[in-house]
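First to last, the protein sequences are chains B and U.
So in the numbering used here, the last spot in the first sequence is 551, and the numbers never skip.
So in the numbering used here, the last spot in the second sequence is 554, and the numbers never skip.
If you are wondering where the hints come from, they were derived from the structure by calculation, not from laboratory data.
Quick caveat, the model's predicted, so the values are computed rather than measured.
Just so it is clear, CB atoms sit at the ideal spot from N, CA and C, and this is done for glycine as well.
Each hint should be verified, as a subset may be incorrect.
As the list claims (entries may be wrong) - Some, not all, of what chain U presents toward chain B, calculated at C-beta under 10 Å:
#	residue
1	Glu109
2	Trp528
3	Pro529
4	Pro530
5	Gly531
Unchecked claim - Label-pair ranges, simulated between beta-carbon atoms:
#	chain 1	residue 1	chain 2	residue 2	range
6	U	Ala484	B	Val358	24 to 30 Å
7	U	Arg510	B	Asp205	31 to 37 Å
8	B	Pro294	U	Asn169	33 to 39 Å
9	U	Arg183	B	Ser509	55 to 61 Å
10	B	Val358	U	Gln483	21 to 27 Å
11	B	Glu433	U	Gln483	40 to 46 Å
12	B	Lys513	U	Ser288	55 to 61 Å
13	B	Glu108	U	Asp285	35 to 41 Å
14	U	Asn169	B	Arg517	44 to 50 Å
15	B	Val106	U	Pro130	34 to 40 Å
16	U	Asn433	B	Glu108	34 to 40 Å
17	B	Leu504	U	Ala484	39 to 45 Å
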Amino acid sequence: MKRKSLLAAAFCLGLLVALLHAGAAAAERPNILIILADDLGFSDVGCYGGEIQTPNIDRLAATGVRFTQFYNASRCCPSRAALMTGLYPHQAQVGDMVDEYARRVREALNTPAYSDRLNPHAPTIAEVLRASGYRTGMSGKWHLGYRPNEWPAARGFDSAFGVIEGAMNYYGFGVQHTGAITNPPMALNHEVFIPPREGFFATDAFTDYAVKFIEETATTPRPFFLYLAYTAPHWPLHAKPEHIAKYRGTYKEIGWDKLREQRAARLAAAGIIDPRWALAPRPANVRSWDQAPPVRQDQWDQEMSIYAAQVEEMDQGIGRVLAVLRKTGRERNTLVLFLSDNGGAAEDPNRSLPGAVPGRRESYEGYGLAGAHVSSSPFRKTKKFTHEGGIAGPLIASWPDGIPKALHGKLNHSISHLIDIMPTCLEVARAEFPRQWNGTAALAPEGIGLAPAFQSVGNISRSKALFWEHEGQRAVRDGKWKLVASHDEPWELYDMEADRTELKDLSSEEPKVVTRLLAEYEAWAAHTGVKPWPVLPNPAPKPDRPPNQN
Amino acid sequence: MKILRFLALSILCLSSAVPSIAANGKPNIIVILVDDMGFSDLGCYGSEIPTPNLDKLAAGGVRLTQFYNTARCCPTRAALLTGLYSHQAGMGWMTTDFGPEYPGFRGRLLEDRLTIAEVLKPAGYFTAMTGKWHLGQGPRPPAERFDRSLQAMAGGFYFPNSGGKESQNLFLNGRKLEKGAPELPQKWYSTDLWTDFGLRFIDEALVEKKPFFLYLAHNAPHFPLQADPEDIARFRGKYKTGWDALSAARHTRQIELGLINKNWQKAARPADVKAWDTLSDIDKDHFDNLMAIYAACVWRMDRSVGTLVEGLKRRGVYDNTVILFMSDNGGNAEGGPRGTARGPGELGSANSVVFCGESWAWMQNTPFRKFKHYNHEGGIASPLIAHWPAGIKARGEWRTEPAHLIDIMATCIDLAGAKFPGEFNGRPVPHPEGESLRPLLTGQPANRAQPIFWEHEGNAAVREGEWKITRLGYQAPWELYNMTADRTEQHNLASENPEKTRALAAKWDDWAKRASVKPWPPGIGYPRAEGQAAPGGKKKRAGKKK
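Please model the complete structure; the sequences and the hints are all you need to start from.
Shown next, in the form of structure tokens:
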């Protein structure tokens, strides 16, 4: 008798589950594709005011929503850590860079928040989605740990291909950022990958692998999660001659000053920025375009045309990925998120071999501050800084079936951040965040889900402020207020509604706001393990010798 | 009495065909491992550093000209203690776990890999270790593997307050010794501490009336180089002769000693090391200081060997104690040509960080190419002194057959009459790879059946008979050398003799598969690990202002 009723109960339960499942099947869980661009500035792509031709990214915007106040963590490693875990970088133990060159800083800080790999107790989006039934894949740049047990294949990706380090020669073998002529550190799943000597080009290779992954998952009923992290348009300036040629000559006709004005005007016309915000002034160490001699103007034209070609090559790759989604009948039920890891990069790797042709394997350059300040226009500062030019980036969310047509092409002004991506993925995948991870309580995401923005243009309310710290640069964003400081410099306060380009410091006029935000910052720093940026211990006096690099 | 002993020996010779080994009880065995010491740093291997105690052991025993280590601290310790290739013991690299997909790189000595101590214990031995462990934080620390142990988990200190610390991570029989622990003297110097505790443990063995096995793993002369000021003063000024002249002098002595072939072309000074004569007086003084600190560390280490020998004599166990002395890798070029010299304390003091650097490492590895980390001879060639009055008849002779750390386990099993158990907790474990050095030590022909293999950070090598292939990193082509004609690796014969190269490479591939060696994950390790510049040089902008 007892057994019978148990069986009956089990049957009812089964029926219930089946019914629920049928309801769920009516809205199948979407595939999720995150496309992360590298060092792409706020205003580089067409649908964010850029002159670079990006028809495929623009099409994503036309079939989805663009966020105007989306933030990253201002640098490669911290941004990737926040994206993967939904945590602030320091909680993900990537408070600074994971590379060997940051070792002395890590040693000086000597605290887990600054380690050389992603926190093993913080599950990645891939780990969480895989546990909930997703097939997971990654193609592109990892930069969250060099050891094989820290590679993507060990952090939740069923299939993983890419470069482990933060920068690579796009042609594979060649001069690398260390100056060595070698292969970049790449991996295919758990194994070292050596790119072929000829015919390899990073943007194409990452696209190819993404396309292959999408094709392979077409036959399984499981939804997929794909993380496509291009190295483009991160330096070195490497692109194909035919793409460079398309832009060559166009940049010197405009010049950096006018180009920034044009971008700002287009952003304002599109409603992405407020026309009342004044364009941030040109950085002090960039001269006015008119004062630059022709030889420098031509060099900049060349740098920008390679950069533009890099962006366009990425866009073409995205076009191929969207085409295969269409071909496999999954374009409509795939949430595509397109974003960047930080603002334009004012860096000069400067490792070209003698006689190198710009854009080719033997060259190794960046576009420097002259290029970066354009990429980050209309904002102040660039990558590594917590002013808007460092941390503001595009976010496009496209999902034909999940976002009503009325919202397609619309803007959303919610204050949002990389830490929101994990909760957003959990929302749309209806997945649970695990309680335990690797034997300890899992570190739950700090962000909020952005899915409401897929249903309405209204702003998503945030109960907590957003915070930043990178190498001594700090910031708090709470509603319209932003408190920001560069390393060893005083705090500045801005009203982001009136002045998002951060030109009118209100810190002396609004001391109460400063005090309140400062207290919030201190509490957050204590909560996440942020430490004051260290002054490295001085070496013992070294007579007539260069600084030691050990 | 003497006649009786002679008779006993003669009988033994007849019965076991091992003519010169005595059988009055199992021999005691002491393995002394030093850290980061180059091939030419002992007097009896050509050095100007006075090492009278080790020279005496060499004169009373035999020395090997072609003894090899694994080119790095952790892997050497794994191979030495287990008789396995490092990767087979889980220690293909340092104490970093690469995860289950990389079984050869688990960052710790695997739980079921047995050490010499565990194999000798069932044969009646009292087992002890003192010094640097550096085999990771596995589930079975030294206290579980040795009867007695005083160890530093990874070295890195010479004084109780090295690095400005209150106390160091010292463990006595598994128990952490806090600051002011009564077991420790008020003031100590690690080199002496390891030796003193070694003798204490020997006393315990003698009370138990057991033969002993002592693994004495010095952290000297590894960075941070630290020594007492009066010892540094002993050498200060002596190195102003410079690395060019001193390296040449070492080379000459090595030829005179019969250690090396005078026809081998001495490895040239590396391109990034400056000619001594071109240095400023300030630089000369600075570099003299660095090498004086290093020499003081070596000198103190030798003095402690004297203390040990004296202790053995006083306890009446000197004659039947086998002492095997070796280094874990070649001289260390980390820190680059200028080395490292950081305070805040006086250089060489407890509160300083000193690396000799590449310039002196080149001299330390005379006459060979390359350094610690590499599988060229400069990285893997080590002195080996074997001393055993009761067992080794030869006095001061050289043995020229190649041998490797993996042979030490087999040698100990052989000398102790032990048997390798072949299992741990009921599960089979890999059998040691090496061969007993007993024939070599006693003047018998050694017939090595297997080639010797290396892999470290993608650097790799195979040594078979007179041939060696080696490469610089996982992606570099193999180089081929004839070690009889050219042990200094100056004439790459790979293109002249591709068949030989291919044949040895095929053997390496088979071994790599068998020993859990995997393609080295790029972006980790040396030389990138040392002195790598952050990206972002100064760019020359066209038409720059000013």
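The hints, checked one at a time:
1. At its closest, the beta carbon of glutamate 109 of chain U sits 4 Å from a beta carbon of chain B; the interface hint therefore holds under the 10 Å criterion.
2. For the restraint placing tryptophan 528 of chain U at the interface with chain B, the shortest Cβ-Cβ distance is roughly 7 Å, inside the 10 Å limit, so the hint holds.
3. Proximity of proline 529 of chain U to chain B holds as hinted, the smallest CB-CB distance being about 5 Å (cut-off 10 Å).
4. With its C-beta approaching chain B no nearer than about 4 Å, proline 530 of chain U sits inside the 10 Å limit, and its interface hint holds.
5. Hint status for glycine 531 of chain U: holds, given a least beta-carbon distance of 4 Å to chain B, under 10 Å.
6. Against the hinted window of 24 to 30 Å, the Cβ-Cβ separation of alanine 484 of chain U and valine 358 of chain B comes to about 27 Å, which satisfies the hint.
7. Here the CB-CB span from arginine 510 of chain U to aspartate 205 of chain B is close to 34 Å, well matched to the stated 31 to 37 Å.
8. Taking the beta carbon of each, proline 294 of chain B and asparagine 169 of chain U are about 60 Å apart, not inside 33 to 39 Å as hinted.
9. A C-beta distance of roughly 60 Å is found between arginine 183 of chain U and serine 509 of chain B, which places it inside the suggested range of 55 to 61 Å.
10. A hinted range of 21 to 27 Å holds for the C-beta pair valine 358 of chain B and glutamine 483 of chain U, which are about 25 Å apart.
11. Against the hinted window of 40 to 46 Å, the Cβ-Cβ separation of glutamate 433 of chain B and glutamine 483 of chain U comes to about 44 Å, which satisfies the hint.
12. For lysine 513 of chain B paired with serine 288 of chain U, a C-beta distance near 60 Å keeps the hint of 55 to 61 Å intact.
13. At about 37 Å, the beta-carbon gap between glutamate 108 of chain B and aspartate 285 of chain U stays in the expected band of 35 to 41 Å.
14. The hinted range of 44 to 50 Å is satisfied by asparagine 169 of chain U and arginine 517 of chain B, whose Cβ atoms lie roughly 46 Å apart.
15. Taking the beta carbon of each, valine 106 of chain B and proline 130 of chain U are about 50 Å apart, not inside 34 to 40 Å as hinted.
16. Between asparagine 433 of chain U and glutamate 108 of chain B the C-beta distance comes to about 39 Å, which sits within the given range of 34 to 40 Å.
17. Between leucine 504 of chain B and alanine 484 of chain U the C-beta distance comes to about 54 Å, which lies outside the given range of 39 to 45 Å.
In summary, the structure is inconsistent with hints 8, 15, 17 from the numbered list given earlier, while agreeing with the others.
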